[in-house]
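Number of protein chains: 4
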Amino acid sequence: MVGGGQNAFIGAVHRLAANLDGQLELVAGAFSSDADNSRKTGEQLFLNPARVYGSYEEMARREATLPADQRIDFVSIVTPNFLHAPVATTFLKAGFHVICDKPMTLTLKEAKALRETVKKTGKVFALTHNYTGYPMVKEARELVRTGKLGKILKIVAEYPQGWLLDNIEADGQKQAAWRSDPKKAGASCCVGDIGTHAENLGRYITGLEIDEICAEFTTFVKGRRLEDDANLLLRYRGGAKGVLHCSQISCGEENNLNIRIYGTLGALAWQQEHPNELKFTPKGEPVRILRRGNGYVSEVAKKFTRLPFGHPEAFIEAFANVYLEAIAAIRASQQGKRLVADFPTVDDGVEGMAFIETAVKSATSKSKWTKFPRLRP
Amino acid sequence: MVGGGQNAFIGAVHRLAANLDGQLELVAGAFSSDADNSRKTGEQLFLNPARVYGSYEEMARREATLPADQRIDFVSIVTPNFLHAPVATTFLKAGFHVICDKPMTLTLKEAKALRETVKKTGKVFALTHNYTGYPMVKEARELVRTGKLGKILKIVAEYPQGWLLDNIEADGQKQAAWRSDPKKAGASCCVGDIGTHAENLGRYITGLEIDEICAEFTTFVKGRRLEDDANLLLRYRGGAKGVLHCSQISCGEENNLNIRIYGTLGALAWQQEHPNELKFTPKGEPVRILRRGNGYVSEVAKKFTRLPFGHPEAFIEAFANVYLEAIAAIRASQQGKRLVADFPTVDDGVEGMAFIETAVKSATSKSKWTKFPRLRP
Amino acid sequence: MVGGGQNAFIGAVHRLAANLDGQLELVAGAFSSDADNSRKTGEQLFLNPARVYGSYEEMARREATLPADQRIDFVSIVTPNFLHAPVATTFLKAGFHVICDKPMTLTLKEAKALRETVKKTGKVFALTHNYTGYPMVKEARELVRTGKLGKILKIVAEYPQGWLLDNIEADGQKQAAWRSDPKKAGASCCVGDIGTHAENLGRYITGLEIDEICAEFTTFVKGRRLEDDANLLLRYRGGAKGVLHCSQISCGEENNLNIRIYGTLGALAWQQEHPNELKFTPKGEPVRILRRGNGYVSEVAKKFTRLPFGHPEAFIEAFANVYLEAIAAIRASQQGKRLVADFPTVDDGVEGMAFIETAVKSATSKSKWTKFPRLRP
Amino acid sequence: MVGGGQNAFIGAVHRLAANLDGQLELVAGAFSSDADNSRKTGEQLFLNPARVYGSYEEMARREATLPADQRIDFVSIVTPNFLHAPVATTFLKAGFHVICDKPMTLTLKEAKALRETVKKTGKVFALTHNYTGYPMVKEARELVRTGKLGKILKIVAEYPQGWLLDNIEADGQKQAAWRSDPKKAGASCCVGDIGTHAENLGRYITGLEIDEICAEFTTFVKGRRLEDDANLLLRYRGGAKGVLHCSQISCGEENNLNIRIYGTLGALAWQQEHPNELKFTPKGEPVRILRRGNGYVSEVAKKFTRLPFGHPEAFIEAFANVYLEAIAAIRASQQGKRLVADFPTVDDGVEGMAFIETAVKSATSKSKWTKFPRLRP
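Chains as they are written, first to last, in this note's numbering: chain A, 1 to 377; chain B, 1 to 377; chain C, 1 to 377; chain D, 1 to 377.
Since the hints were made in silico from the structure, they are not lab data.
All the pointers check out, no bait thrown in.
Identical copies go unnamed one by one, so any copy, or any two together, can satisfy a pair.
Each computed PhoX-like pair below joins lysine-lysine, with the alpha-carbon atoms no more than 25 Å apart:
#1 K371 / K361
#2 K303 / K174
#3 K40 / K302
#4 K222 / K151
#5 K40 / K303
Excised from the complex, chain A in its bound form (with noise of 0.2 Å):
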């Protein structure tokens, strides 16, 4: 692991997601730029210290090494944006399969260099876009795969929350100081950190492609840097609408992503607060409450859980999907095989900064419409 010190949100949230199965074990980890915090970190969490290193190049470098059947298999990047690019591809070019939080990289250039480096060395690269380990996210995909909900005209998408509704990075609140700082977040701080998500989520339920965007970005709070809410219009290809709003200064929000697709036949909706449930409604029809774990879901989404209807899951489990899946590629890729796995790869890292950057753009030119970058053939 490289990130994920003391104090770190999402490093422990990757750690207890790769804990949960049973498959996998922490060998060894770079978790801060802070020497002091990395060893102590490594201790808590039971590491040999020699292989808590001072510095994810170190890392890197001596893992490498090591005989095969002690080296690391993979490196799970959970540091601030702007260390995403350079860590991955140190790891990607000492051999090391890869695992990275989002967004990609800072911009999108970066992120085109880094999908070509994902593709020369042929290393397995996932994206931890954690929403759609949701077994039901995927149940809303099988609808719309296999038609329950015709064409789809209409998408609305929401992510707010409200935890940066004071400065609080002036008061020295780490996640969200680097969250707020432009070198090391990118161009955006709340499309950056969770509107990607709600983008992501979209596109994974849907496949639909962005076709223009028109983004009304603003920073109501005072001596903040990057813009702490979002408001965003699409067209997508094809034909269907779409709205998605995010913000991190709703009063009252917590991580209320969420999610409405309207097609022809049918409807969906989904709240990542409450996940266990899918809400479906097939023209004329009553709602139905699609509940995890029963027989009448799909085989896709019964694939990705672990306990019985009623026992709820949740988030970690639904992260837990991702590294399983991962880690279902590397071992294939170790054995010499290509797996198609369902998670999310260097691809959708790409979309997600073409989806960043576009909405920087429309944001920066007065909310004019713009077009999304033809990404896929």
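For this one, chain A is given, so just place chains B, C and D on it according to the hints.
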């Protein structure tokens, strides 16, 4: 009553609302341009056939000739949109107060002219933006007024419906036919019919004035002549931002008007389909579910409540609240007094038409940001 | 109307319900044993003072002497319980139809006597178990009737309220005072006032007959003379089991009547505070939320619906449905016909009194299992 | 681990919970009475085959002979009920701490004997009444402890499931088979398997002791040997009253454990299927939805929380909380200290067995009110 013949929707609603409190009696009507329909409707309503008229002009003329203690006190106008202005003008000029359905007119110009007529005649004019009649909407306004939300930052208003997902106007469905006919409905279907309620609701609760609109209209159903879906970004004077989307093609949605308002000190959420509850989240505190009829709600909300807590009230009661307030103003006027009551006025009608026209203007200019006309001093 | 003077609760509700559909007109009343209250109430209701009577006996006598086309068609009885039987008997014998609030009488014996009177006079007698007037309760009954639940195994009915958590009768709160006074309310407060609604609701939906009751009554509030909380186990003929609990001291509860019914093929759940929705779960399938006003609900539910889907209806409309059905029966009776309409009858009143008496009998014999008297053939 | 071979349910849950926090490692097991199943399970779990044993006796014996730094620290017992006592006794006597699934034993007598063994050996014994591991259950207990509910008047605890609506044990479904077999499950199926969780939950939150029980057991499914549905009335010492009902034949119900607690000053409600929320209604105030992870929850609830608000936690985390506390006590014990940690103990197991036996006794004596044995000083 003018309009509201057999098979009409809103006329029947007005009658239920007007009956509820036993404060008024329906005594005359011109219920349809089809004289036979009008006559039959009158019969069903136990009216004196002599006061069931073949046209609204005849009704205004003949009622005006009756002795003061026999003639109607006011007229309710429940026709399709294009008749609102001519009927209202005719009755105002004939000396009658008016209660009129929304949107007020076909155009902003017509709305301003009607406002002049109302001011000149000095009659009471009430517009049935009925959703502001709900007690918990009034409670929401009180919370804003008394500073419980602090400065308002963001408003998300939604009004999805699904009943026009098919081209039912082609099959002669009367409600769909006139709403999608530019001659009868005006320049907009979805925004005029329902988006304007969402706008009115936000304005009623917050008092904020729109500054600029970016509107994306879509006509999803083939053969339809006006938009059946609209997504809008809003900028308010003073810096708040808004998202307003409405739809008539959102499969499975019934009449899901809802609003969320985020301020620096608290947030509100209200849903029309569950009108007895109002969510209020003070910053840093748990969500509170305020419920109609309890001791802790404001005097304003209590005033508009008929039943004890837990005995749900709904749509008709809210509608009847608009009537009660308008009647109070009419009674006062009859006694030579002027009462400032809590009902939507001709000024709200002008703002509503300005909203529709600005949205249409933006939508027809490739969704450019468009200035809202300055209406308030 | 007899009863329903100023500050009464249920009288006002009856009037709102009776007004709603414009099918009847309140023309006479004896609103209070306090003649002054009665007179003032009559004034507020725009009644002819000559028909505002000082006592119900006078009203029955004098109305009976009016010409047939002027006298009342029926009387609504909205007094405290102890007056139901004498007033109803008086009016029935004077030749009037009766709509009466529940519970029907003070005792089962009195109930049976009243049943005799109704049968002898041949008049229409309707009991306002208003909760069975909700369209989605009727839909629930249809689902049971048409076999969608299979054989019913278990019924859980709840009716918690919290308004009597303090001894407000000691402070003169009128509604609390008579309900907790054995002379005015009968042998039970909580079961008589609300438990009986829960029992009636279960019986209406399922048609099942109770066989045995084990009832635990508690008077939690010091100084109160009747129970304010009751928990009951029920055995139904045919093998189904039931739990029924009701309370007036459950802090925070408003009027939370709700019922869940489990069968071999499906289950139902309905909550009075969210009356437009009915949950139906066919075995092995997702929960379906049936919503009032949709095309997929039965004709029975549609018949009792005034507004389109998504435009919520509530308590008053359900109450008015009882009135509409009773009025239909009264009209038929006036034309010499007998109409089997969908409203609670004197037989329901007898069953309700049997339920109260059996529960009281069990509770006062240390909560022993007690036989429900055989009432049906 | 003893038990938890392939196709077992609760063993897999224990392993997920034990993995989560990276605080312990599974090193040995006797997973099944079927040696082949045990061996395969061990392989799947990457265990050293030498430590996968053919029987629990062998495991206890051989582990005890390993050097102190190699042998297991404690055993997790996840077998059917009838083996809990013999396995626990064997390991306790062999010097190991024990974490054991519930119900603790087959009979109250056996439970008391096990309590003696625990006291004599001085080892840590934890019982996985996992539902008390939820942070918001702990918050509920804090609210009661700090007087926010005042004196508790009424408790309504429910635990409906529907998975045994058919006689699936006849088709060889293993989970159903042992639970409905008196030799393996004890004298009760429904109350022993799930009713006991509901009882434990109420006791954990309120600390109240049951005084008398009136229990109605039903076996709805033909051919089943134990009850699959139970409705109980409870009297608590001190005057509170309770309703507790549980079911395995309630169509559509998944794992709907829930509890409502009403006091003189406030009320609580919690549902296991939505575990991150706790409803708290102070008298005369709006319902408050307390949500896990917020600043306003107590230190106790915070201690048992891994993720920030809005990132839902669920069943596995709650289960893991029992493990974490038990492990803390085991570590302390290994250091010669005694730690009072927050996990269910052998005393809870004795109370649970007393609850089951009292319920069975009432049910088998025609549902007579039956005294709960005095267990506390």
